[in-house]
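Number of protein chains: 2
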Amino acid sequence: METPPETGEAAELLSSNNAIGLFDSVDAFLFDCDGVIWRGDTLIDGVSKTLDFLRSKGKKLVFITNNSTKSRKQYWKKFRSLGIEVSEDEIFSSSFAAAMYLKVNNFPQDKKVYVIGGEGILEELKLVGYTCLGGPEDGKKTVDLQSDCLFEHDKTVGAVVVGLDPYINYYKLQYGTLCIRENPQCLFIATNCDAVGHMTNLQEWPGAGSMVAAIAGSTEKKPVVVGKPSTFMMDFLLHKFNIRCPRMCMVGDRLDTDILFGKNAGCKTLLVLSGVTSLSSLQDPSNRVQPDYYSNKLSDLLQLLAE
Amino acid sequence: METPPETGEAAELLSSNNAIGLFDSVDAFLFDCDGVIWRGDTLIDGVSKTLDFLRSKGKKLVFITNNSTKSRKQYWKKFRSLGIEVSEDEIFSSSFAAAMYLKVNNFPQDKKVYVIGGEGILEELKLVGYTCLGGPEDGKKTVDLQSDCLFEHDKTVGAVVVGLDPYINYYKLQYGTLCIRENPQCLFIATNCDAVGHMTNLQEWPGAGSMVAAIAGSTEKKPVVVGKPSTFMMDFLLHKFNIRCPRMCMVGDRLDTDILFGKNAGCKTLLVLSGVTSLSSLQDPSNRVQPDYYSNKLSDLLQLLAE
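Respectively, the protein sequence lines represent chains U and V.
Residue numbering for the first sequence follows UniProt numbering, starting at 1 and increasing by one per position.
Residue numbering for the second sequence follows UniProt numbering, starting at 1 and increasing by one per position.
Don't take each hint at face value.
Identical copies look the same in the list; a pair holds intra-copy or inter-copy alike.
Said to hold, decoys possible - Straight-line distance between alpha carbons at most 20 Å, and here's what the computed EDC-like set of lysine to aspartate or glutamate pairs gives: (1) LYS221 <-> ASP284; (2) LYS60 <-> ASP27; (3) LYS103 <-> ASP148; (4) LYS49 <-> GLU182; (5) LYS141 <-> GLU204; (6) LYS78 <-> ASP148; (7) LYS155 <-> GLU204; (8) LYS222 <-> ASP256; (9) LYS78 <-> ASP89; (10) LYS221 <-> GLU204; (11) LYS103 <-> GLU12; (12) LYS49 <-> GLU123; (13) LYS103 <-> GLU137.
None of these hints come from the bench; they were simulated from the model.
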């Protein structure tokens, strides 16, 4: 039997009593985006005022998203379109994390990267100087299953990066599978393993966890995960902001990625119920991840501090 | 720590000394097809003569395949086209197993089945009287990811059956995912979980294990597996042939499906090296599944018995 992970104490509802303590004890707030800052293309009520207030009090703000479909620059544009001023440096997307993982591991520039995922991953990889194959371009490709047909792949591919891909097909699955199965040195990198996500306002859709599992299933290999709950991105953050983890608070809407990431890194954690997690699932006996605090939405913090 | 499964004794090379003992001790031979009987569309050397010999000696022959793309009838046609006479009743495909699983579990006829997989699954389900959605027909469907778009699904779907699907796409992933996530009663059935298979003569391609993992990844559920190494099909076999498992020999080319199936059921086991398993992978210290015997190909049995 594996020892179950520590459950910790039950989360406290954020209140006027504990909000000031949380506020005073941290120098940086780390935010997940979807379900915390926005839902789909709509800003969540009170977010803008809350971020302005935190900045005015000298708190650092960082945005950490597992959504790999956009690059940092594309996220920066999205923030602007919603009326929020951020700098690209404050944004840590799992597409950026994938590029950084290759960079810090000295992945050679003469090797190529095969991408199952969106334009955001390609953009980040190109910014670091890597040559990519796959991505949206392979979304319309089909396979020839005639018995004597050979599926060719580029033997210089040294890494396969898999993220959310709404244009997943058998061509991409075979390409990624051959790269990994026929070359034991080939890296298998997952931007994240979220089971589902709000691809549209009204519904959840299969997330990167679905495509990553498909490749893990065909290759019988486990990926290196660079997005939350992996703390890979934390090193970049620490380097950039020079703040210790206990002086950070991770704010997110998912227990198994955001809150687990915060706890893994030794940050304080605040769950907001404005995204995928309901109060009943937080309080369900089967839930093993307890944040320090929870509240309905991010702006509750502002309101409680003003009381 | 989980206890590792029993490894058993190392496999014996089939020889003129032990072949007669194996032959005398069994009344039925169970064969995997791809890699044992044929490779792609080519019969493996000596198979026809060997099957004729076994039949002439009164042995029962059964063909058990994890490949769900064909129905029993379609397999029967394939055998005939290769010049081998079998009856449909001797063929147990994982497409048939999926239909039988629903039948023996009294799956209601007024519920529908959503299929991610090939025509063979649809055929078998229809033979038992079920109404199917999905399958090849959904292979060209696309999704609308506009933020206010709602993806509709039939709420009367009570089971999702997943097999090998070369036309996998995001539409099918979302359909299957919604059926399972939005209805806790919905069954999730995998025809099999083979990582790869010889979709063409020259190469391996992602197998049902890839599509099954994709749905397991998005639904956070584990499937019921009806193909090998699950022994679900064995009950039908026992009922039909009235032979005890120790008087059967499973012949296959895969350790993790065929040989494990035979061992799980308590049959004797013979690995042939004419398919996906090499001698070095059989003898690799990491291999935990040892057949009783191994030989290069099925017809070795005939040759050794004649010596």
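Evaluated hints:
In this homomeric assembly, LYS221 and ASP284 come within 20 Å of each other (Cα to Cα) only across copies, at 18 Å, whereas the closest approach inside a single copy is 32 Å. Taking CA atoms no more than 20 Å apart as the test, LYS60 paired with ASP27 passes inside one copy only; the shortest distance there is 6 Å, against 75 Å between copies. Proximity of LYS103 and ASP148 under a CA criterion of 20 Å is satisfied in neither setting, with 39 Å inside one chain copy and 38 Å between copies. In the homo-oligomer, the alpha carbons of LYS49 and GLU182 never lie at most 20 Å apart, since the shortest distance is 53 Å inside one protomer and 36 Å across protomers.
For the homomeric pair LYS141 and GLU204, the shortest alpha-carbon distance between copies (18 Å) is at most 20 Å, but the shortest distance inside one copy (26 Å) is not. In this assembly of identical chains, LYS78 and ASP148 lie within 20 Å of each other by CA distance solely across copies; the values are 18 Å between and 48 Å within a copy. In this assembly of identical chains, LYS155 and GLU204 lie within 20 Å of each other by CA distance solely across copies; the values are 16 Å between and 37 Å within a copy. For the homomeric pair LYS222 and ASP256, the shortest alpha-carbon distances inside one copy (18 Å) and between copies (18 Å) are both at most 20 Å.
For the homomeric pair LYS78 and ASP89, the shortest alpha-carbon distance inside one copy (14 Å) is at most 20 Å, but the shortest distance between copies (61 Å) is not. When the C-alpha separation of LYS221 and GLU204 is checked against a cutoff of 20 Å, the pair qualifies only between copies, where the shortest distance is 16 Å, while the shortest distance within a copy is 27 Å. Taking identical chains as interchangeable, the C-alpha atoms of LYS103 and GLU12 are never at most 20 Å apart, the minima being 40 Å within one chain and 49 Å between chains. When the C-alpha separation of LYS49 and GLU123 is checked against a cutoff of 20 Å, the pair qualifies neither within a copy, at 31 Å, nor between copies, at 59 Å.
Within a single copy, LYS103 and GLU137 get their C-alpha atoms no closer than 24 Å, and across copies no closer than 43 Å, so neither meets the 20 Å cut-off.
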